[in-house]
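Kindly produce the complete structure, drawing on both the sequences and the hints.
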Amino acid sequence: MAKELEFLTKRSEDYSKWYNELVVKADLAEQSDVRGCMVIKPYGYAIWEKMQRVLDDMFKETGVQNAYFPLLIPKSFLSREAEHVEGFAKECAVVTHYRLKTNETHDGVVVDPAAKLEEELIIRPTSETIIWNTFKNWIHSYRDLPLLVNQWCNVMRWEMRTRLFLRTAEFLWQEGHTAHATREEAEARARQMLEVYATFAEKYMAVPVMKGVKSETERFAGALDTYTIEAMMQDGKALQSGTSHFLGQNFGKAFDVQFLNKENKAEYAWATSWGVSTRLMGALIMTHSDDNGLVLPPALAPLQVVIIPIGKPAQMPELDAKAGEIMSALKALGVSVKYDNSDNKRAGFKFADYELKGVPVRLVLGARDLEQGIIEVMRRDTLEKENAPLEGIAQYVKNLLDDIQQNIFRKAKEARDARIYECDDYEEFKQRVQDGGFFLCHWDGTAETEARIKEETQATIRCVPFDVEQTPGVDMVSGKPAVARVLIARSY
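Per the numbering used here, the very first residue in the sequence shown carries number 825; after that it's consecutive.
Bear in mind the hints are in silico, worked out from the structure with no lab data behind them. Remember, it's a predicted structure, so these values are computed and weren't measured experimentally. The beta-carbon is built from N, C-alpha and C at its ideal position, and this holds for glycine as well. A portion of the hints provided could be inaccurate.
As the list claims (entries may be wrong) - Below, in silico cross-link-like pairs of lysine-lysine (DSS-like), each with a Cα-Cα straight-line distance of 30 Å or less:
1. K1061 with K865
2. K1209 with K1235
3. K834 with K1136
4. K914 with K899
5. K1181 with K1222
6. K874 with K1174
7. K884 with K1155
8. K1254 with K865
9. K899 with K1061
10. K1254 with K1162
11. K1086 with K1061
12. K841 with K1254
13. K849 with K865
14. K1222 with K1027
15. K1209 with K1254
16. K1077 with K1027
17. K1077 with K1061
18. K1136 with K1235
19. K1027 with K1146
20. K849 with K1254
21. K1162 with K1146
22. K1146 with K1136
Claimed, not checked - Label-pair distances were calculated between CB atoms; the ranges are:
23. E1251 with G1172: 45 to 55 Å
24. K865 with N1116: 18 to 28 Å
25. E943 with A906: 15 to 25 Å
26. G932 with K1155: 17 to 27 Å
As structure tokens, this is what we get:
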């Protein structure tokens, strides 16, 4: 690594510091002057845009359409669903006035006390209430159902402890909201969207996930069931990476959203909501990256290939021409590529900078290599270099990108699977959970046991996993018969 870029803390020394430094040094995001909020820089936003494009297409394949709903929600709307408002009340930012005025010394502004709103407005922490108040005007008959909408937007939750991408007061996300004629349809939709998230995480992010249903304590405020995908970061902590909620008829009843069924009888609509946020950026970074910087899966890398020439000024025209041919061939295969022939940075700096930013493939084109008909190829996931023939290099690189995508997933899955443990001894659990990992433990189903685990270990029940065989057993804490084997971990 070039001397200019020898600054990244080692993961083994301080994983949290490594993450915080990497987000900033790789030009993904930075803290803003607004408390708890971040600025997503162009390179970071380019990754989020690729995530958006893929997810948006996946949503639309299931019949979902995009819409947009207001940022501000009347306070009375949040009051209509008691469990929902209780779940979000401590995180809400409130708008109380609609005008400023110049202060008495004319060197600043103050809130105009005469401009107090009759009803306070809440900056949306999530949009179930404003959307279901709108659905009331759209839904009248079973013929209007199902109603499947999604919005890409920002939300505000007044977090006290923030970390870039993982937990910020304002964050970007998508929130899907659907209305259905039957319970069965709504439950099926909630599970369907969870599968969409899991497929996206594994196929595009190369992040292996465990799917399951949340405990009653951990479920979304106002939901009957919350389904989740849980990913393991390199330090062994869990990261909730997407949730889908079956809301029952709670919001249908709260906002009087009724429809006439096929028997011409009035029924309340059944609901789901589901969302992923810029937290996925954190998952991407912490699952794959290393001490040299980002490691990005090619499917989501803004720049998949960089070509760097090395030669004397007199040799550059020939190198430029060959690089242009390679770029054209790569672009024809759908590969994003950049030719960096800038002369204001040393080659070593460029190498380190593109490694830091996680560009999956680096091609180095030298004058002597050109004479020999070869080019140096480096893959970011393993840092391995080799010389490849210039003839057919575009297809070679395309195949290499596919291999990198698969290898990154395979590596992450092997690391995750090696840290999944079955454990039914509470003393053993308390010792081992501090070092991270996913623990499959029998649970008696009580909130008391769940609370004790959290208080004594800072670990939580992440979910009742779908793909784990459920066998009879005894709760490791209470000694009572278990209702399920659950996934427990410390988490972000």
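Verification of the hints:
1. K1061 with K865: holds, 26 Å
2. K1209 with K1235: Holds, at roughly 19 Å.
3. K834 with K1136: With Cα atoms ~36 Å apart, K834 and K1136 exceed 30 Å; violated.
4. K914 with K899: At roughly 13 Å apart (the allowed maximum being 30 Å), K899 and K914 satisfy the hint.
5. K1181 with K1222: It holds: about 20 Å lies between the C-alpha atoms, which stays within 30 Å.
6. K874 with K1174: holds, 24 Å
7. K884 with K1155: holds, 27 Å
8. K1254 with K865: violated, 40 Å
9. K899 with K1061: violated, 36 Å
10. K1254 with K1162: violated, 50 Å
11. K1086 with K1061: Violated: K1086 and K1061 sit about 49 Å apart, past 30 Å.
12. K841 with K1254: holds, 25 Å
13. K849 with K865: At roughly 11 Å apart (the allowed maximum being 30 Å), K865 and K849 satisfy the hint.
14. K1222 with K1027: Given that 30 Å is the threshold and the Cα spacing comes to 17 Å, the pair holds.
15. K1209 with K1254: violated, 44 Å
16. K1077 with K1027: violated, 38 Å
17. K1077 with K1061: violated, 38 Å
18. K1136 with K1235: Not OK: K1136 and K1235 at ~40 Å, beyond 30 Å, violated.
19. K1027 with K1146: Since the Cα atoms of K1027 and K1146 sit roughly 33 Å apart, the hinted pair is violated (cutoff 30 Å).
20. K849 with K1254: Roughly 36 Å between the alpha carbons, so the hint for K849 and K1254 is violated.
21. K1162 with K1146: Holds, because 13 Å separates the two Cα atoms, which is no more than 30 Å.
22. K1146 with K1136: Satisfied, since the Cα-Cα distance of roughly 15 Å is no more than 30 Å.
23. E1251 with G1172: 45 to 55 Å: Distance hint for E1251, G1172 holds at roughly 52 Å.
24. K865 with N1116: 18 to 28 Å: At 20 Å between Cβs, range holds.
25. E943 with A906: 15 to 25 Å: For E943 and A906 the Cβ distance comes to about 19 Å; the hint holds.
26. G932 with K1155: 17 to 27 Å: violated, 53 Å
Of the numbered hints listed earlier, those contradicted by the structure are 3, 8, 9, 10, 11, 15, 16, 17, 18, 19, 20 and 26.
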